[in-house]
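Using the sequences and the hints, build the whole thing.
Residue 1 is where the sequence shown starts when you use full-length UniProt numbering, and the numbers rise one by one after that.
Wrong hints could be hidden among the right ones.
[What the hints assert, rightly or not] Heads up, simulated PhoX-like pairs for lysine-lysine below, C-alpha to C-alpha not over 25 angstroms straight-line:
#: 1; residue 1: Lys667; residue 2: Lys726
#: 2; residue 1: Lys965; residue 2: Lys857
#: 3; residue 1: Lys434; residue 2: Lys336
#: 4; residue 1: Lys857; residue 2: Lys962
#: 5; residue 1: Lys336; residue 2: Lys450
#: 6; residue 1: Lys726; residue 2: Lys645
#: 7; residue 1: Lys828; residue 2: Lys850
#: 8; residue 1: Lys965; residue 2: Lys850
#: 9; residue 1: Lys91; residue 2: Lys306
#: 10; residue 1: Lys306; residue 2: Lys336
#: 11; residue 1: Lys450; residue 2: Lys386
#: 12; residue 1: Lys91; residue 2: Lys450
#: 13; residue 1: Lys610; residue 2: Lys386
#: 14; residue 1: Lys645; residue 2: Lys667
#: 15; residue 1: Lys610; residue 2: Lys91
#: 16; residue 1: Lys221; residue 2: Lys168
#: 17; residue 1: Lys539; residue 2: Lys705
#: 18; residue 1: Lys857; residue 2: Lys828
#: 19; residue 1: Lys427; residue 2: Lys336
#: 20; residue 1: Lys850; residue 2: Lys962
#: 21; residue 1: Lys965; residue 2: Lys828
#: 22; residue 1: Lys434; residue 2: Lys91
#: 23; residue 1: Lys962; residue 2: Lys828
#: 24; residue 1: Lys610; residue 2: Lys427
#: 25; residue 1: Lys705; residue 2: Lys645
#: 26; residue 1: Lys857; residue 2: Lys806
[To be verified] Okay, the calculated beta carbon distance ranges per label pair:
#: 27; residue 1: Ser564; residue 2: Ala72; range: 57 to 65 angstroms
#: 28; residue 1: Gln88; residue 2: Val520; range: 21 to 29 angstroms
#: 29; residue 1: Pro106; residue 2: Pro258; range: 45 to 53 angstroms
#: 30; residue 1: Ile196; residue 2: Gln597; range: 47 to 55 angstroms
#: 31; residue 1: Thr236; residue 2: Thr620; range: 48 to 56 angstroms
#: 32; residue 1: Ser508; residue 2: Ile656; range: 53 to 61 angstroms
#: 33; residue 1: Cys570; residue 2: Ser591; range: 16 to 24 angstroms
#: 34; residue 1: Arg732; residue 2: Ser915; range: 26 to 34 angstroms
#: 35; residue 1: Ile196; residue 2: Pro106; range: 35 to 43 angstroms
#: 36; residue 1: Gly371; residue 2: Thr626; range: 54 to 62 angstroms
#: 37; residue 1: Gln259; residue 2: Cys570; range: 51 to 59 angstroms
Honestly, the hints are just simulated from the structure, not real lab data. Positions of the beta carbon are idealized from the N, C-alpha and C atoms, including for glycine.
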Amino acid sequence: MKYIEITTMEYMFMLVSLILCNFCHGFNIDIESVEQFTGTTGSQFGYSSTLLNNAAGSWVIVGAPRDNMTTATFLRNPGNVYRCQLLQNTKSCQPFIIRTNEGTRPSGYYGYEEDNQFLGGSIVRTATKIVACAQLWKDLSDQSNRIERPVGRCHDINHNFNSIETDKRIRYNSYYSNGYSYGMALIGTVAVPTDIDDEVMVGGPGMWNDQGGFIFYEADKTNNFFTTYSAKTSNTLYNGLLDNAEMGLSIDVGRIGPQSGCSRTTVVAGIPHFANNDGHLGSFVVLCPTGGGTNLGVRKQFIGNKIGSGYGLSICIADVNNDGNNDVLVGAPLQKVVSYDEGTVFVYYGTGDSQYLDSSVQNIYGNNQGGGRFGATIVNLGDINKDNIDDIAIGAPNEDEGAGAVYIFNGRSGRMNEVHSQRIAAKTSFNGIKSFGTYISRPLDIDNNKYADLAVGAFQSDTTFLFRTSPVITMTSRVTFNPPIVPLTSAGLQCATPSNDNPCVTVSVCFRYTGTEVPVSTRVNYTLNADTTITGQSKTRRVDLYKGTTNHEGVFNSNPISVSISGETCDDVYARVMSTSRDFFSQISISLDFQAQFQLAETTNGGVVKPVQDANTPTTITDGTTFMTGCSGVCAPDLQVDITKDVISIIYGQTIDYSFTVRVINKGEPGFGVRLIADISSDNALFLDATPLLTDGSVQLTCAKAMDANNRSVVHCDVNSVLYQKQFGAVRLRYNVTSAALSENVTYSDLLPYVRLTVTASAIGNEVSPGDNTDTETQDVTFSADMAISGVSTPEQSRVSETKDKFRTFSHSYDIFNNGPSPLFASKVLFAIPAITDTTDILVQTKAYKIISTDQKSNCTILLVPGLHVGLKMQISAEAQTNNAVGAQKIADCEGLNDPKCVVVECLIQTLVPSENTLIDVQFDVTESSLNIDSINEFQFFTTAVINPVKSEFPDSLKANKTAKTVSFIYPASLVTPDQEINLWIIVGSVIAGVVLFIVLGILLWKCGFFKREKKDKIDKWKRQSNFHEQRKTQRLSRLSKPKDDEVTLSI
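Here you go:
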């Protein structure tokens, strides 16, 4: 039956397995205490090997099939077998002297029978012997024809090395029958022990024109010591095999299926060059030897289906699923998986019945490196991890660019584990090594720790390695908590600290272990990660880990802890809640979980390999506890919010800050993570601060500004502890309602005419009645502006011309000023200007008006008053009516804004903030002819300005209407005005008074001595008394008598 090709699902599983295993650490093949032995360069030292214990110590017996013999230098590369003592400080190897008795070269031959014999090509250990074979040893007995027959030959070495049997020559009556029958047998190509103590099965793939065969070789006999089975002894094989099929390149012995009819235990033999009409596919067979080499029954045959895969180049019998039936592992090291020659091992499971092997094959892969040749060697290691199931070593000698690797696969109930437990790579472990894993020895415990060890050869580097197996410890761990449920206060607990009463818990990480042939104590260290559920959600952990007084934050790495096999050992760590903030309480329903990861802390010491943790037992433990909430399940609080206003009005610009008192009470089960969200829904209020009101037993709140989901500024007030039933919290929130910081995107017109606060309460759990979790309070904002208006006339007075036929131009300038405290958002100024006289003469032409806003803050319109043309008389004051002589006054004024003889001008003013003003000029031309100025001495022309509010959404923007008048004076041309008449006597009196005042002041100063020079008199008196003048005269004469620096003195 053909094996099944790889499926897509198998390939995906294989890739995932490889990815995972690239990060796996080794299991129990120790790579720290490796012993390395190196032979002569080019000798292929390490091509084969076996392990041995004897009275002198422990040994690795190594074949070097291309070595030269120092005792027989005339032989060409005969090969050697070395013994290398293990567990020694000095690494050295000594050759056995293995020579045949036919040491002379027969006449006519070009070489010796031992030339290039490949001694050490295969080595196997039996109960009392070491069998070393030379597959190319030549029979030179046919001297007449000078024929060299590479029959092959094996030699026996006693375990104590004191006896070497070299006379056991394998002879056949005929070496040639219809071709080479045994003349090119190549006996010794491979050798494996059988279930008989000193019996070895030796492959002879060259028998019968390379159809192949094998012999049973009895090492404890010197006569009749071998029995031959070849393809010729089986009609099925003989008729089914072509020449060069080479059965016997790989062989193994073990019970496969029923043994009835077999004189020996069943044999599996690889036939890697088996061919049929589909090509060279390879094959293996289950054989039942009978008789003394007379018959070889074929019980089962499997054929590959990929040409050139090398299917059958390696073969191994083991029970890898612990069902009591031996299974067969077949290597195809040239099998293409992805690119080329990656290699595959096929597992056929024994059925224990006449079916022998289940045709449902399992595929095993290495790293699938092109050219890696995974499966070149397969060895049953026995139970190296003490789980009572056979484990397997598989070589991939060409992986990692020819460096090579060895894979360890552990057996498992049901089907073998498809993922290797360990990969030993020469590239990373042994620098410069090539072909590592070409040969793997059968296991043997050489260090007496009850765990089998193995040797691995790298013949291209002439090196053999000894690997020892570590004892397997099944270390289990658990995490416990004290107290089991975490209270919300640490008072009285072992983990408590004097600095605060935040919740805490003692976390105990406990260890115990079992194992077969393990030490009585070992050491372990662990890493404890805190609050793993929370941190796994990318949130901030709630606890810190303390060992003593040292804070290890969220991760604690222990020192090595000694654990005894007789009991459990625990190590304590304190977990303390960092802060009981709202964030903590908002997550209180989430369990407080911890993850402990441990590893054995032993090291290889004194030649004893360290124990390892059982690969099937997890080293990561996660456990957790909860906080004591007082609720059965999720708590159901019942929160109610109430807002009260602390003052009853807000005047913008006058009221600096405004505050609300917010109160929340819980009428249900405990509330955890209670939060108030205060949203002030206007731009004319900025949060200032929050003051917790700790009266009448209220709980503490902490407030801070935050941003909501819409990126709006809100205030979060968090209850710092649990809000139990009937407990409440209160806080005063204060807002700036005047000095709001207006950004570029917010103007006064954008401000709302109210301040509205909405507060919503929330807690962790199921709210009983969410309808009363929110309250809203609104306070209107009053805007009050105290306006001032004043005017000035330019010019203030003027005379009419002599002809009285001109226009007089006047400008009345009005200054409108906002005294605050609030801005004036919208207003209008109405100007009333007299337009006709009492005789219906036109004072001011309609087109002669100009209303100018000098700062562009207002927009003005002239309104024509109805009835202006009717000719109504101007009213003159009673005084003017009784005295029309010179000195009488005449007044042009408007009695209110509805006076029909006046023109009204309306100016709309934009926003005026406090301390801001705007200027409006009323310019007009007065007609002289309409004044009738001759009968009076003064004409007064008044304009009136009134500030009126404009309807706005802002209440009470203007405190009160304001009115202002501005007057211009007009005089006749002949009248002297009071400011031109000056009384002469006033001038004369003023001059006389000034002169008298000056004389009196001089007399007073003279009497007081102001004009006396007393200081000068005192100085003159001092000079006379001190002979000052004489001294000065002497000094001047002295200076005159000395020559100057640039003068030259001549003497005769």
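Query - Hints violated by the structure (listed by number, smallest first) - result: 5, 9, 26
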